[in-house]
Each structure stands twice: as C-alpha cells, then as structure tokens.
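Following the hints, complete the assembly by docking chain B onto the known chain G.
Spelled out, the chains give:
Protein chains: 2
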Amino acid sequence: MKFVIDCLGGDNSPRANVLGALKAMAKYPDLSVVFTGVQEDIERELAAAGQTDRSRIETVHAPQVITGEDKPTDAIRLKKNSSMVVGLHMLREDPEIAALISTGSTGALVAGATLRIGRLPGIRRPAFCPILPAMTGGIVGVCDSGANVDIIPEQLQQFAIMGSRYLECAFGVKAPRVAMLNIGVETEKGDLLRKEAYPLLQNTPGINFVGNMESRDLLSGNYDLIVCDGFAGNVLIKTAEGMALELMRKLKRDIYSKGIYKLGALLMKRMFQQERDFFNYQNYGGSVLLGAEKTVVKGHGSSGPDAVCKCVEQACKMSLGGMNEQIIQSMQALNGEAAQ
Amino acid sequence: MKFVIDCLGGDNSPRANVLGALKAMAKYPDLSVVFTGVQEDIERELAAAGQTDRSRIETVHAPQVITGEDKPTDAIRLKKNSSMVVGLHMLREDPEIAALISTGSTGALVAGATLRIGRLPGIRRPAFCPILPAMTGGIVGVCDSGANVDIIPEQLQQFAIMGSRYLECAFGVKAPRVAMLNIGVETEKGDLLRKEAYPLLQNTPGINFVGNMESRDLLSGNYDLIVCDGFAGNVLIKTAEGMALELMRKLKRDIYSKGIYKLGALLMKRMFQQERDFFNYQNYGGSVLLGAEKTVVKGHGSSGPDAVCKCVEQACKMSLGGMNEQIIQSMQALNGEAAQ
Numbered sequence: 001m002k003f004v005i006d007c008l009g010g011d012n013s014p015r016a017n018v019l020g021a022l023k024a025m026a027k028y029p030d031l032s033v034v035f036t037g038v039q040e041d042i043e044r045e046l047a048a049a050g051q052t053d054r055s056r057i058e059t060v061h062a063p064q065v066i067t068g069e070d071k072p073t074d075a076i077r078l079k080k081n082s083s084m085v086v087g088l089h090m091l092r093e094d095p096e097i098a099a100l101i102s103t104g105s106t107g108a109l110v111a112g113a114t115l116r117i118g119r120l121p122g123i124r125r126p127a128f129c130p131i132l133p134a135m136t137g138g139i140v141g142v143c144d145s146g147a148n149v150d151i152i153p154e155q156l157q158q159f160a161i162m163g164s165r166y167l168e169c170a171f172g173v174k175a176p177r178v179a180m181l182n183i184g185v186e187t188e189k190g191d192l193l194r195k196e197a198y199p200l201l202q203n204t205p206g207i208n209f210v211g212n213m214e215s216r217d218l219l220s221g222n223y224d225l226i227v228c229d230g231f232a233g234n235v236l237i238k239t240a241e242g243m244a245l246e247l248m249r250k251l252k253r254d255i256y257s258k259g260i261y262k263l264g265a266l267l268m269k270r271m272f273q274q275e276r277d278f279f280n281y282q283n284y285g286g287s288v289l290l291g292a293e294k295t296v297v298k299g300h301g302s303s304g305p306d307a308v309c310k311c312v313e314q315a316c317k318m319s320l321g322g323m324n325e326q327i328i329q330s331m332q333a334l335n336g337e338a339a340q
Numbered sequence: 001m002k003f004v005i006d007c008l009g010g011d012n013s014p015r016a017n018v019l020g021a022l023k024a025m026a027k028y029p030d031l032s033v034v035f036t037g038v039q040e041d042i043e044r045e046l047a048a049a050g051q052t053d054r055s056r057i058e059t060v061h062a063p064q065v066i067t068g069e070d071k072p073t074d075a076i077r078l079k080k081n082s083s084m085v086v087g088l089h090m091l092r093e094d095p096e097i098a099a100l101i102s103t104g105s106t107g108a109l110v111a112g113a114t115l116r117i118g119r120l121p122g123i124r125r126p127a128f129c130p131i132l133p134a135m136t137g138g139i140v141g142v143c144d145s146g147a148n149v150d151i152i153p154e155q156l157q158q159f160a161i162m163g164s165r166y167l168e169c170a171f172g173v174k175a176p177r178v179a180m181l182n183i184g185v186e187t188e189k190g191d192l193l194r195k196e197a198y199p200l201l202q203n204t205p206g207i208n209f210v211g212n213m214e215s216r217d218l219l220s221g222n223y224d225l226i227v228c229d230g231f232a233g234n235v236l237i238k239t240a241e242g243m244a245l246e247l248m249r250k251l252k253r254d255i256y257s258k259g260i261y262k263l264g265a266l267l268m269k270r271m272f273q274q275e276r277d278f279f280n281y282q283n284y285g286g287s288v289l290l291g292a293e294k295t296v297v298k299g300h301g302s303s304g305p306d307a308v309c310k311c312v313e314q315a316c317k318m319s320l321g322g323m324n325e326q327i328i329q330s331m332q333a334l335n336g337e338a339a340q
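Chains as they are written, first to last, in the numbering used here: chain G, 1 to 340; chain B, 1 to 340.
The shape of chain G in the complex, shown without the other chains (with noise of 0.2 angstroms):
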C-alpha cells in the first residue's frame, strides 16, 4: 500500500501532513508513502520527529503551492511543479500508488482530480463526500457536496450507492441509513429532479434507502447518508459549518461582556472545549472523492497531525476494504437489474 501525501497548502502543512502520515505508518505497517513539497522542509520535518528508517518513504520535490485564492482549473493547469499537481499525477501513473492525501485547496483537488484521474466504470462524475458528526455520537456523510451541479436523478442513485460502500468500508457503519435531502419528508415532495430519483432510489439494489429527509434533520443520527446535488449539498454543508462557528463565536463574545458570565464560563470550561471539538468537523476524518478510479481524501485546511492521520488511515481503510470493487459491483448489479 503506498500513498501520496501532499505536504502544502494546510495551515500546519508541512508539519502536520508528515507527523499525521508518520502516525499512520506506525499503525499500518504495510504503508509506504511519497511526501510532495519542498523537500528541504519534508526533510527537516522527519529528522525532527527522528525518523531515520526511510525504507517506506520517499520524497519528491515539487515547491509550488496552490492556495484557496488560485482559480481551481487554472491552478491545476499552469501550476505545474505544485504539490498537488505532481501528486495527482504521480497517483495516475503509478500503478502502485493508491490514494492521494491532502489538505490543500479542496476546489483545485476536486477539479484535479476529476480532470486527471479517471473514473470508475459506469460512473458519471466523482462525488465529494464529507462527513459531519451526529448528535447521537456517530457521524453521517453528504454526498454530493459540490463537486456536481445540474445532475440528473441517475446521478444521485450513483451518490447513494457510492456513499454506502464508503460508509461500511471506511467506517464500519452496517447498512447505511440513505436518505434524500428534500423540502418535506412525503414522497412527493420537491423538484423535478427530487420526484424523478425518488423511484430510482427505493428500486436501487445494494443500498438502504430510507425516504426523504428535511435539512434540519441533519445531525438528528436518524440517517447515515444524505443524497443531494451539489448545490443544495454544499449549501447544507456550509450552513451547518457557519451556523456551529457563528454560534460558538457569539457565545464567547456574550460571554466576554460580563464578568459573572466569565465566572459562570470558567466553570464549564472543559464543557465549551468538548463543544468545540464535538463540533470541529476534521476530528472526523478528510472528505473523500468517491468515483474516481484512485483515491482521493481532503483533509481540512486547519488539520493537525491527528487530522491528517485519520485522512491517511480512512484512505487504508478504503483501500484495503475493497471499496472500489464494491462500487463496481453494486455497479454492476444496478445496471444487470436495469437491464432485465
């Protein structure tokens, strides 16, 4: 198993992505990686974690870096010598190299790797799948997140199959709980497109589609996959993310205004840290491109070396659970039951 581990473009990159990917390495011992970045840097990285045995990793020099302000497609074009874009084409080429690892920008990663590596069979377009926490502990994926705008109802049966092989391989979870993000629970409910996959989806062979879910029913743990477009997807994700910043922050600036809250706060300390990281989406591991032939995981730009860790062992997780295989079976049996 040999990975690739984009070390720029995070926040703590690239202290992090090494340490994270070292961590990693320490629990599966069959996993070699490939670190991309300026090698002097990756370099002074692994003595100073005192990594002398170097028979699992390489390092490749490849200094650009692709921010959030490059343009997507632009960046993975003229950014040649970037990080990214000698991972991405490192993990094409390579037949032994089986996922890529960042923490870079997600926009150039989706972009780049749907542009550059290829899709499994029978599969429109990769779909970006991150994964929130559920108020009763466990976590729940949304699929797509906004790599797929303007789809048709086919695709959304594809992101509930996708998402489900996901879910048990890198996450154990038993027969995913798959429902479609819609204006109202009834079966009717919708836009053309939510009308026509509803069908499709409670006739798809492989997944445990539940019915239609409303967005504030999102962390309610009632459903361990929601099925959406890209749009509403993303709109979903980043309104949960918003609202959970917007809320902590206003707590702490109530708080800062009068001293009895300050005291009564001190009291909770330990409460408001673990409401912090309850709700701090990268302890539960990276976002991942589901579709494509390789795999890709997006670990948040703010990730630690734990982050980072979790991202390297989903990737493990996916590869050595056969999740593609699955995919192309389900494939398979969708397109054999369709053709009968």
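Quick caveat, the hints were computed from the structure, so don't treat them as lab data. Hints may be right or wrong, so weigh each one.
No copy labels: a pair is met if it fits in one copy or bridges any two.
Below, simulated SDA-like cross-link-like pairs (lysine to any residue); rule was C-alpha separation at most 25 angstroms, straight line [said to hold, decoys possible]:
#	residue 1	residue 2
1	Lys23	Gly122
2	Lys262	Asn203
3	Lys195	Asn280
4	Lys2	Asp306
5	Lys2	Ile97
6	Lys189	Pro72
7	Lys269	Asn208
8	Lys174	Gln202
9	Lys195	Glu154
10	Lys269	Glu96
Same frame as chain G, but now just chain B:
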C-alpha cells in the same frame, strides 16, 4: 386598513392571535380586523381582554382547522370552512381587506394564497420570504424559501426586486444589499441557473446587487437579502434553524450532565435566555408571501401575542408604505429597460 386574522392553527391560537391583533390595533388606530375561527372562542378572548369597543372588530365563524398533517393543496380544496380558507376567500373578494395574518400551516397558506390570490402584474409566481437575525444585530431576508422549485433566472430577478421593496417598506432597510446564494463568491460559480441569473441581477434597476454569497455567511450581517430558488432556500433556512436548535439542546444536555456545569450555567442564566431569544425567529416578524396581489403574513406556529402583533404591524407597514405599488413600479422599470 382592514386585515383578516386567522385564529386557528397556531400553538397558541386563538388567544395569541386575538391579543396580538388587539395590541397592533392600539398602535394603528386606522386598523380594523376580521377574526376567523371558532366564534365563541374568539368572543371569549375578546371579553377576557376587556374589549368592549367593537367598532373595529368583526368575527366570522369558520371552525375547521388546517393542521400540519393536512396535505396543503387538499386542505385548501376540501376544508372550505376552515379559518384559513374563509380568510383567504375574504381577502380575495373584499376590496376593503388588504392582508391576511395566520399562524397556521405554512404549506397550506402558501398553496392557498398562490392558488386563490392573484399575482401582481409581471410576477411569475409569489415567493416566500422569512426573516432571520443577523449576528450584527440587523436582519436578513431569504427569498424564496420554499414556494418555488425549478425556477428560471428571471424569477431570481423578481425575488430580488420584491425582497428589496419588502425590506425597505417593512423594516426601513435602505438600499438593501442583495446577494445570490451560491457555492462560491466568484462571478462564474454555480449551476446554470446561477450563471444565467448573475448578469441579470447585475443589470436589474432598483436593486443593490452585491454579488454571490456562500451559505456560511448567512447571518454575517453582510447581506440584507439572499435570493435563491425555493429548494436551496429551504435547505438554507431549515439547516440554520435546525443547527441553532440542536446546538442549544446539546448545550442544555451537557450542562445537566455535571453539577459544576449546572452551577456555571446558573450564573449565565440570563445570557442563555438571551441566546435563546436571539435565535427565536418569531422575534423578528413573520414570513411574507411576496408578489401576491394582497399581503399574506405567516407567523411562526409557536407565536405568542407579541409575535402576532409584530406580524400585523409588518402588514400595516407594507400597506401604508405602498409596497405592492412599488413592486409594480420596479417591475415596470425592469420591463421598460428590457424593452429598450
């Protein structure tokens, strides 16, 4: 100025509806009202409130209730003697009646008003516009939030015009900053709908279009009006509402998990009450159906007298400010421009 007050269907009906209307009548001496609902219950509330002057009050017996369980279009068609359907009928037929205020089923009210009340000239379909609190202390409107799915770009333009006139009239917002909900702020972002709507919005006279916005900035205070299709708007609103609720619930649960947290929370009791009030949408007024020939205001189902009073006042301001005439003028300006 004469309004119909639907006195059934809310959690606190008819009491909140009757008392709220009386409160608004005290502020607006030119306002008279017609209460629809269970006549003897309404009379009891009027008597309990010591309301002896009946010169500005009528009551109409329409005892059927439309509940959240009713299918909206069926309810409008079949529950002919419901307080809402009778109210809508009076609104349509009586030239003296300018507005209907209800705390009943949103779906039924939107469906009923869309089916029964005419549209303003040039308006394709009425749109629903709720109001949320901005973190900076102001408000933000979202149009459309669920009445229109599968829309065309020109409808986003109409939402921008109607919402702008609404925020000016009902809330005194000057040159409301209109943003289009999108999956990124760059001009070229989004699906086909958004890409086509962007230049339209840029060239719409009488609105202050400031560009795209992402859902995470919903409450930032940087925008006064968010325009979107009803599907995305519904996801936006319900995610925001759901997250605020879930977060407050989680805080509460966690506080009760330890004695020291309970003690801390006791010191912060007032603050937590203020947070709850801040996120209680009913404190910011009702949701309005824009583009209908007559004003329809939907108060939150849990509205108390103050919230109902706010809804009635909103309708007064729209009526006195000549909102619909202004929308007509803006539409004429738009069409004049388009014709040139």
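(message) Check the structure against each numbered hint from earlier and tell me which ones fail, lowest number first.
(response) 1, 2, 3, 7 and 10
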